[in-house]
Structures are given as structure tokens and as C-alpha cells.
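*Asks:* Sequence:
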Amino acid sequence: SGAPNVMLAFLKHLWTTADSSKRHEAFSRIHSLVTELQATVGTGQAVIAGWDQSKSEKLVARAYLKLGTWQWGLCEQVNDSVIADVLNSLRAATEYGRGWGKAWHHWALFNAAAMEHYAKTAPAQAIRHVAPAVSGFFRSIALQGSNKRKGGCLQDILRLLTLWFNHGATSEVERALEDGFQHVCIDTWLVVIPQIIARIHSPSQPVRALIHTLLVRIGRHHPQALLYPLLVACKSQSAARRAAAMGVVDQLRQHSSLLVEQAQLVSQELIRVAILWHEMWHEALEE
Numbered sequence: 004s005g006a007p008n009v010m011l012a013f014l015k016h017l018w019t020t021a022d023s024s025k026r027h028e029a030f031s032r033i034h035s036l037v038t039e040l041q042a043t044v045g046t047g048q049a050v051i052a053g054w055d056q057s058k059s060e061k062l063v064a065r066a067y068l069k070l071g072t073w074q075w076g077l078c079e080q081v082n083d084s085v086i087a088d089v090l091n092s093l094r095a096a097t098e099y100g101r102g103w104g105k106a107w108h109h110w111a112l113f114n115a116a117a118m119e120h121y122a123k124t125a126p127a128q129a130i131r132h133v134a135p136a137v138s139g140f141f142r143s144i145a146l147q148g149s150n151k152r153k154g155g156c157l158q159d160i161l162r163l164l165t166l167w168f169n170h171g172a173t174s175e176v177e178r179a180l181e182d183g184f185q186h187v188c189i190d191t192w193l194v195v196i197p198q199i200i201a202r203i204h205s206p207s208q209p210v211r212a213l214i215h216t217l218l219v220r221i222g223r224h225h226p227q228a229l230l231y232p233l234l235v236a237c238k239s240q241s242a243a244r245r246a247a248a249m250g251v252v253d254q255l256r257q258h259s260s261l262l263v264e265q266a267q268l269v270s271q272e273l274i275r276v277a278i279l280w281h282e283m284w285h286e287a288l289e290e
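Numbering (the numbering used here), first residue to last: 4 to 290.
It should be emphasised that the hints constitute simulated quantities derived from the structure, not laboratory data.
Do not take every clue at face value.
Stated by the list, open to error - Between beta-carbon pairs, the in silico distance windows are:
1) VAL195 with GLU79: 32 to 38 Å
2) VAL195 with ASN82: 30 to 36 Å
3) LYS58 with ASN82: 35 to 41 Å
4) LEU288 with ALA242: 24 to 30 Å
5) ASP83 with GLU290: 56 to 62 Å
6) SER35 with SER57: 22 to 28 Å
7) VAL81 with ALA246: 39 to 45 Å
8) ALA212 with ALA127: 22 to 28 Å
To be verified - Here are the simulated DSSO-like pairs of lysine-lysine, each with C-alpha atoms no more than 30 Å apart in a straight line:
9) LYS25 with LYS15
10) LYS105 with LYS58
11) LYS123 with LYS61
12) LYS25 with LYS61
13) LYS105 with LYS61
14) LYS25 with LYS105
15) LYS15 with LYS105
16) LYS15 with LYS58
Even glycine gets a Cβ: it sits at the ideal position worked out from N, Cα and C.
Given the sequences, and given the hints that come with them, work out the whole structure.
*Replies:* The following block contains the structure:
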């Protein structure tokens, strides 16, 4: 009994400071608290006198998030039942807290963990968790970016890139990526330009096409951030990598032709002054 927000704070303290047996008690009690909160909010009533519906739903979201993450932390062996229960709790947290980046972060993180769990034993089941993970990471990145916590979402961006490059050829994942790119600020990708350009010649056509589209979009807003790594890729020994990089440079040339020409000149001069004449002779003789 007691005010739900006070009870939630007490259970969080109990979970943080207690041993294993007390953690099971905290989990059991938060399960009961969530049931009570959901019943109250479901009737349109405030969980605490004077609270509006929005504030009540935020408290329910926090409780569901703890319920899901604590069950995940307590399970010694992950199985289908645990995965279903945790996903239900985290899904409810995102539904009650749609503007809460932390809920979306944990939703995406657990879907990625479920994907890894099924990867070896049930690949078809594993792939079902990729698109929800991708959508969750996009929501988390967008919300953390809007809260001026861009440094805090770098890990989510890197996890998203891993899912994109490994599973982007799947149609469902491709749709989730195309939708997510429309809702995330273009500046988000500036910190991972090297990682994106490293996959510019991906053997997967859907992945390669999305990379090209994203780089062209970045180039419209920040051409100076792309030019040097692209020009390096243009000198690659791989024909596929060279062609992919040249395709993006050609797009940049349409709106930033002077910048492209100046960057190419600087790149050529840097190479010229970096290689000594006798090194050039040795290389020519070896060839």
C-alpha cells in the first residue's frame, strides 16, 4: 500500500541494495504494482490524486520498464516464455511512454538479444526480432537526439549499423530502415561516416542502395564531412568500392562542384608530396 510513485522508488532501492532473494521479492511486488497501476489507468483514473492522464501513464511506463528489465536480469536461462514475458512488459513501456527514449532503447536492446538467442537454433525466429530492434533503436536515437543527449546514443547508432549491415537485405528490415531514416536528424550520422563508407561496396544490393541514398542526403547538408573519406575510397584497389564512391562524389558535384574540385586537388597534392621520387621509381620497377 502507499502512493505508487513512492512504492516504485522503494522497490528500485530494494533491487539495487538487496541480495538475490530480496531481488525476487522486489520483482514479485513490482508485478503486483504494475497490475494495480494498469487497472487504474485503464479506467481513465489518475494513479495519484491531482495527476493528469499523461503523468499517470509515465509512471506506468516506468513500472513496466522495471518489470521487464528485472525479469531479464533474474532469468538464469533464457527461453521462449521469458522472452515473451519480457517483450510484453517492454512493449507496454513503449506504449505508455511513447516519448521516452529509455523505454525504446531497452525494447530494441532486448529484441537484439532475442535475435542472438535464436540465431543458431531458429534463424527464422531470430529474423523476426531484427525489424523491431531496428525501429526501437531509431526511436531511441531520435528521442535522445531531441533531448540534446547525442553522445549518449552513440552505442545505439553503432548497434543499428550492425543490424543494418548484417540484415538489411531482408525486406521487412529494409522497410524499417527506410522509415527510420525519415525520422532521425541527418546530423546523427556525422559521427559514424567512416563506418558507413567502409560498407559502401556491400555485396547486398539493398544495403548498398540505402548507403548510397543516406550518403547523398548527408552530402546535401554536410558535403565537407564526406569528401575526404570518399576521395580516399575513390582510390581503392577494389573496383566495386571505387565505383560506389565515385557515384556519391558525382552526386556531390551537382551541388558542390567547386568544393569537390578543391578537395580533389588537395588530395592529389598531398599524395604527390608524400611519395618521394625514388619510392616512385622502386614501385614502377617492381610492377
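*Asks:* List in ascending order the numbers of the hints, as given earlier, that are violated by the structure.
*Replies:* Hint check: 11 fails alone, others pass.
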